[in-house]
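> Line order of the protein sequences matches chains A and B. Residue numbering for the first sequence follows the numbering used here, starting at 1 and increasing by one per position. Residue numbering for the second sequence follows the numbering used here, starting at 1 and increasing by one per position.
I should point out that these hints are in silico values taken from the structure, not numbers from a laboratory. Honestly, I wouldn't trust all of these hints.
Estimated spans, in silico, between C-beta atoms of each pair [claimed, not checked]:
1. A/R75 x B/N42: 40 to 50 Å
2. A/P141 x B/Q92: 20 to 30 Å
3. B/V251 x A/I130: 49 to 59 Å
4. A/V52 x B/L224: 21 to 31 Å
5. A/R75 x B/L247: 41 to 51 Å
6. B/A62 x A/K149: 40 to 50 Å
7. B/F145 x A/L5: 14 to 24 Å
8. A/I138 x B/E98: 27 to 37 Å
9. B/V250 x A/L73: 52 to 62 Å
10. B/F138 x A/P141: 28 to 38 Å
11. B/V46 x A/P140: 18 to 28 Å
Straight line, CA to CA, 25 Å or less: simulated DSS-like cross-link-like pairs of lysine-lysine [stated by the list, open to error]:
12. B/K7 x A/K116
13. A/K116 x B/K134
14. A/K143 x B/K134
Small disclaimer: the values here were computed from a predicted structure and weren't measured. Cβ atoms here follow ideal geometry from the backbone N, Cα and C, with glycine treated the same way.
Spelled out, the chains give:
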Amino acid sequence: MQILLGFVFGFLSSVGFGIVTNNPRRTLMPAGWIGAIAWVIYIVAGWYDHGVIMPNLLSAIVIGLLGNLAAILVRAPVNIFYVPCLVSLVPGAIIYDSMKNFTLGYDNLAAHGLIKALTVGLSLAIGFIIAEAISNKIYPPLKKYLEQKNR
Amino acid sequence: MDVLDEKDVVALCGQVGAVLLENGAETSRVENTVEYIGRAVNLPIVCHATMTAVFVNSEKSATTRIFKVRVGDFNLQKVDRINTLSREFSQQKLTFKELKEAVTEVEYDTSDFNLFEKCLGAGLVSVAPMLLFKATWFDLFLSFFVGILGYLVARVVGQHSKIPYIAVAMGGLSISILAHVLLDIGIASSANNIIISALMPLVPGVPMTNSLREIIEKNTISGLVRATDAIMAGISIGSGVVIGQILIKVVLGG
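Could you build all of it, start to finish, from the sequences and the hints given here?
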C-alpha cells in the first residue's frame, strides 16, 4: 500500500514540478516515471536504513542511471530529467525549517537543520556523480546503436 | 561553408551561453555547448561561465565578449530547444544565419504551459510524498489548494517587483496565513504540515542540490553562488512564514 501510494504521488509530484519548471512536453512522462521509481526506492531503502544518507544516495543513483538513459532515448539534456525527479527528495523543507528556526532565534536547531540539509544534498549529489560515472561507461554503445538505426 | 565573421560567432556563442545559464542549465553544460558551436564552425572558442557572467573568447584573435547574466527561474524548455539547435547546427542541418535567428527567437519566446496547467502542477507538487503517512489525508488535500495560492502569489509578486527574494517571501507569508486561518477555524489539524507541504514548489531544494553537484564538479564559484542563493531564498521563505504566524497571532489573538 505504502509503495503503491508512494509510486502514484511520486509520479504526480515529478510531473507537477516538470510543469512548473516548463519542461518540454515530451519529457514529462519519462520524468514522472523516473521520479516515481526513485521515490519507491527511497521508501524501501528507508525501511532498512533509518539514516538520511543511504535512501537519498540510492534514489539519486537510480535517477542518474534512468535519467541518462531517458536523455538518450528522448534526446534531451539530462538536467531536464534530474530537476523534476529530484523535487520530492530534495532538502527544501529542511532548509525552510532550519531558516525558520534561525529567524525565531533557535540557533542550535537552525545549525542542525542546515547540516542535515547539506548531508541530504551531498548524498544526492554524490549519487549523481556515481550514476554518471557508471552511465558514461555503459551508455555510449547504446547511443551508437540508436544513431545507426536512425540513419 | 561560407566565411563567418569572428565577432558574430563570438556574440552568438555568448548569447547561447547566457540563455542557457539564465534558464537553469549547469555551468559545465553551458561551457560545453558554447565550445561545441565554436568547433562546428572551425573557430576555437574558450568559454568560461560562472553564475553571474559568461565570458567567451575566440582563440584566433583577441575577440572577447562578456555577457552579464541574472539567473532566474527554471525554464527547461529553452535549455532543451537550445540544445536541439546546437546539435542540428553541428550536424550542419542549420546554417549559421538560421541558428542566429532561432536562438534569438528562443531567447524572447515566452511559450509556456497555460496558467491552469501551471497551477495544477504547483498543486501536485504541494502534495509532498514526504508527508504521505505523517500528515492526515485531509491536510494534504488542503495543502493542494494552499500550495496553488502560494505559487500564484509568488508568481504575481515576482512579475510586479524587481526586488530579489520578495516573491518567495510573499508566497511563504500567504501560505502561512492561510494555513493558520484554516487551523484556527478548525478545518485543518496541523498548520505546520500544511505549510511544509504547500511550500514544496517554492523551497530552494533543487538549487541546493545543483550547487553541491557543481562544487563536486569543481565549479566552485558557481556552486557557492547557487548555495548562497538557496540559503537566502530559504531565509526569506522562513521569515515570510514567521511574519505570517505573528500577524495571525496579533489579529486573531491565538
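> Any hints from earlier that this structure breaks? Give me their numbers in increasing order, please.
1, 10, 12 and 14
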